[in-house]
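Chains as they are written, first to last, in this note's numbering: chain W, 1 to 378; chain C, 1 to 369; chain S, 1 to 520.
Simulated from the structure, these hints should not be mistaken for lab results.
Fair warning: this is a prediction, and the values are worked out from it, not measured in the lab.
Check before you lean on any hint, since a few could be wrong.
To be verified - Straight-line distance between alpha carbons at most 30 Å, and here's what the computed DSS-like set of lysine-lysine pairs gives:
no., chain 1, residue 1, chain 2, residue 2
1, W, K336, C, K220
2, W, K215, C, K220
3, W, K122, W, K143
4, C, K170, W, K272
5, S, K506, C, K220
6, C, K220, W, K236
7, W, K215, C, K178
8, W, K193, C, K170
9, C, K178, W, K212
10, W, K193, W, K317
11, S, K27, S, K89
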Amino acid sequence: MKRILVLFLIISVLLTYGCSMPIENYNMVLIFGIDKDEKTGGYEVTLQMPKMAGGKEEGTSLGNETFTVSGVGRSIELAVKDAYVKSSKVPFLGHIQVVLIGEDIGREGIVEMADLFKRDPKYTLTPWLFTVDGRAKDLMEAKLEYDVLPAFAIIHTVRDVSRYTIKFYAVQFNKFLEGIEALPHATLMGRIKLVEDGDNKLLEISGASIYKDGKLVGMLNAQDAAGYNWLTGRFKNADAAISYKGQPMNVGIEGGTTNIWPIVRGNTLVYKVVTEATGYVQWASSYPDFESDPELIEELNAATGERIKKLISDTVKDAQDQGIDYLGFEKILEHKDPVLWEQIKDDWDEVFPNIELEIHTDVTIKNTGWILNNPELY
Amino acid sequence: MNNTNDTKRACMDTRGYTFLMINTLISLPIFLSPSPTVAVSRQYAWLSVLVGTAQALMVGYVVIKLGLTYPDKTIIEYSQDIVGKFAGKIVGLIFLAVFLSISVMALREFTLPFQGFVSINIPLPTLLIMTMLLVTYAVIRGLKTISICSDVIIQFFIGFILILLILPTKNLNILNIKPIIPHDWGRVVRGSFDSAAFLAEDVIGLMLIPYVSNKDKLMKGNQLAVLLSGIALSAVTAMEIVTMSYERVDSTIFSTFMLLREAQFSSSLERIESIAIAMWGGLVFVKLSVYLYILADGLRQLLGLKDYKPIVYILAPIITYLAVLPRDISEILVFPNKVWVPIIYLAVLIILPVILLLISTIRKQGEKK
Amino acid sequence: MSFLDKLFNKKNEQDQQDKQKQAEDTKIDKSVDNNIKNVKRTLNENFDVITRKVSLGGKSDQFVALAYLDGMVDKNVLNQSILRPIMLKPVDDMKFHDMGPGRYVREFMITANDVEEVDKFSDCINFILNGCTIVFIDGCEKALMCETRGWIQRSIDEPQNEAIAKGPHSGFNETLLTNVTLIRRYIKDPNLHFEPLTVGRASRTNVVVAFIDGISDNNIVEEVKRRLKGIDIDGVLDSSYIAEFISDSPLSPFATILSTERPDKVAANMLEGKVAIFVDGTPDVLMAPFLFMEFIQSPDDYYEDSMISSLVRILRMLALFTAVYLPGFYIAIVTFNQEMIPTTLTLSLMSGRFFVPFSPFAEILFMMILIEILREAGIHFPGTIGQTISIVGALVVGQSAVSAGLVSPFVVIVVSITTLASYSVPSYTASYMMRFLPYPVLIVSALLGIYGFAWCLIAMMVHLASLESFGVPYLAPIAPFNLRDNQDTVLRMPRWIMTYRPSYIKAENKKRMATKKKGK
């Protein structure tokens, strides 16, 4: 008797099940683009979803066909719902891979978007963020000639290509939020633009974009982004172009670390930057003779160190000129010298441009590749 | 084979007791408490947790000392011996009221992730009724079943802690937790009360001591449980601060779920928060079962009845109804913030056992003379 | 009609009761003729009840009668060792009158191996029904029972359901004595006890409780005997009848009593202190207590290398878990919580389900029922065609279902993995139980999503935690956790580490071997 009652209770409870939405009613949004709507002054949201080519024959081939849906609204959520009613299936926002922010809306501010993504459980905080030179919608609607879906192309660039070059900076939403929320609320985001190469349209990810207080305040080109990467220790597989005997030479960097310390000297705040890197000679056009000249590598080390110093100091000076601390210096002070930080945190905007920089580099070129020296043939 | 009569009560050994305590102490805080602790002590939250553990260790010491003076009785029974019949019953009622409020709160907080965090809305009564059914089934089968469940879940929990500490290492940023030595100890201490209040639920030991078979190493077992819970909590808090900076931990309610959602160990091993949800379900289930058991047992002893099972059948719907009452999340969070930490922690968990211990010591000394 | 029926029924009952009472009250008569008449009457003059009256040693006034069941006796022994000496050996009169006929015949005449004196007539009937020969002697109030059992039995073959690659290949057969002897061959300890009982009113099946005194827990042995004595049933055809009666929770899908056909498994378990129950007429031997962890243990773990066996056991645990929970997890993810799996997996799932006309729940339910039908067909189809049909059927049907657009390829994979995983578990009872367990999990997960899945996980755990097998918690030694007992649950430690027997069997003699001192 007891068991029957319990069973009845369980069944009646189970039948009050909540709303379920099985997976075939969804179409997955891979790229989420947000722009400013010219006409109404609100938001225009573009969702890019893959076309499901799969089905009966060979199972689940995806191809690289995509289609986009746009919606407008006064707030982002309203714009998204407007896009909902224009799409064939319910867009699923839990697996967004890339978020593209149009330049216009970036300058106005993305605080609302950040709050929406943090709060609403429909969204996810793992997409990679990029600011678009221009409108996000144009980039998303362009017909690209990739062999994979554009979202995955971007992901692969960010994950895999970043091992070969440091000319761009890319960040995921959660790390971006960390940067925005920590003082002084300024950090970098990725930058993407559509380039045309003859008839082909391609996406180029290079440089970075600067956000302060949730607003886009500037862009960095590839060189500055490389300097920033050097400063923050992300310079695995970078290049340093130096010249030896007047001829260009390239030193490849394997990896290394950068440590930054704030030191107080008298009345000035000095940041000591120590970079240690190991490298190898990539190509040289001046026939360096490594075999007979053991001092040569020391010279090259010094030259490379100089080059790195220049890159880093250029970047820091640039930030100081703009008066925006997107380098994370205040956070470093907060965590390494909290007593001092408590005192000067309110005046950071004045302190930052006057910070002096002391850079030490320590480059070790470990090997010279396959060959040791080139006979002077050419 | 599970007796409810008082003659032979032992149904778990010291190790089972330790596991049960770890389970009960750590189930809610490991998911819920990094956020409020970080709000006060920022990047020193892990130290705050350790300070809170020290406080809870003192509570644990008092609890076990008091409990071992009457090794075969629960506090409901011997409180009448210590302070007299009427006051003893009042003390018993106070403890039972505290247990009731904890269990109602735990039940309601249990449903929080399934309502807002996981993006599907299961109606609240369904969740509560299904959970209480399971908890009632376990409690009817007795404390031995509950302790076996907690043994199994602790073994999974050890694996879970390892996952929590190893998987997110790709997103580490050591800067987030520096400086290691805090510059402002005031912050550290102010933030410690939250985790201390959670870990001081050790007082349920007062109700569980008669059920332990081998009481020699009970003090060591209890302190070990509190210590291990505190260390695990501190490690998880540290991990969260390091991977997500303290600002984000502060703003996210269930920071441990967020930790696992963002942990990407490789391109295919991502979004493993389903493990966290299973763990949450298991841990809070054991906590609820233990609380329902000691409530029913305590009521039985207070009222002088023989069998606790009918009380369970009456209590379960009452708790379910009480759990439906808070309407929204701010009403839920009022309890831990405004009531639990300042009032209940101080008054009931610390002062009351200390007073009882003093009185019983004085009495024993009086008897000796 | 009813009145007369009642009259007649009552009379039948009365007849039977009278008969029983008569049988019990009958004494062994001094006259051989009366004894033979009694035997024939009690056994209802069946055609295979043979009675033969012969002279005792050629004397013309002394007679001896034999009664036996044709087909159950070994005629050779009967003729050569009982009839021949009784009829042909001359009787030494002096000794005959000194000792009395019963003792004389027993000690001097019958050359069969086991001869006993029987006092009661009902015992004589029992012995006859068991295949012994009863010898009635003129002038003696006792009869003699000679052991002449010899019916045709199945040869000792490896059991089909529990075959292993390496190790002994013998299996029990339907004769109790053979089975007991197989155990004797493994354990030559004098403390090996076999205690016989009879269970069943009509079948009077011989049941033997076997244990090693000193190693096994006396409480468990007493409990087993007590429960066996409490069984009241008309006939026991198989040990599973007994298992249902004495099991702690017969309604639970998890068995708390092991049933096996392998003598090495029984011997190994008895050496750990467990109690074996042999039932005449069936090769399945019961072992008590039985714990959950033994579902993943198989005899060949002990005959192969310990490292590899440990890994294989872990694999079996994984298979056990998958076989029950995989369909539920799949449906919870697909219906409710699509954000809990990696992105590329979700994309594959989505595109696979594109053209399927059913909802995910109906699809997976349909597929699972299809596989169950194929499984039943494979079992009951005669001969070797059965195996082929189930394999071919699964492949072909799965493939065509996908091509026809009825199911998505994902579901076929999920269901096939579930089915295969349920076969990887070495115990046949376990795989039988696991056919049914995925369904409740599937239904609850389909209704409540990931919460339902977590609920099912905990519900199963609570159920297992509440089971006990003859006083031992079912989940021992995982919970309550005991480090030393865990040397042989999931991992199989090398043999020199396993110096102690499991501690949940509370006995005096815990050590398997002499423990090595440190430093050696």
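Each hint, compared with the structure:
no.	hint	verdict
1	W:K336 x C:K220	violated (39 Å)
2	W:K215 x C:K220	violated (57 Å)
3	W:K122 x W:K143	holds (29 Å)
4	C:K170 x W:K272	holds (27 Å)
5	S:K506 x C:K220	holds (26 Å)
6	C:K220 x W:K236	violated (50 Å)
7	W:K215 x C:K178	holds (29 Å)
8	W:K193 x C:K170	holds (28 Å)
9	C:K178 x W:K212	holds (24 Å)
10	W:K193 x W:K317	holds (26 Å)
11	S:K27 x S:K89	holds (29 Å)
Of the hints listed earlier, those the structure fails to meet are numbers 1, 2, 6, in rising order.
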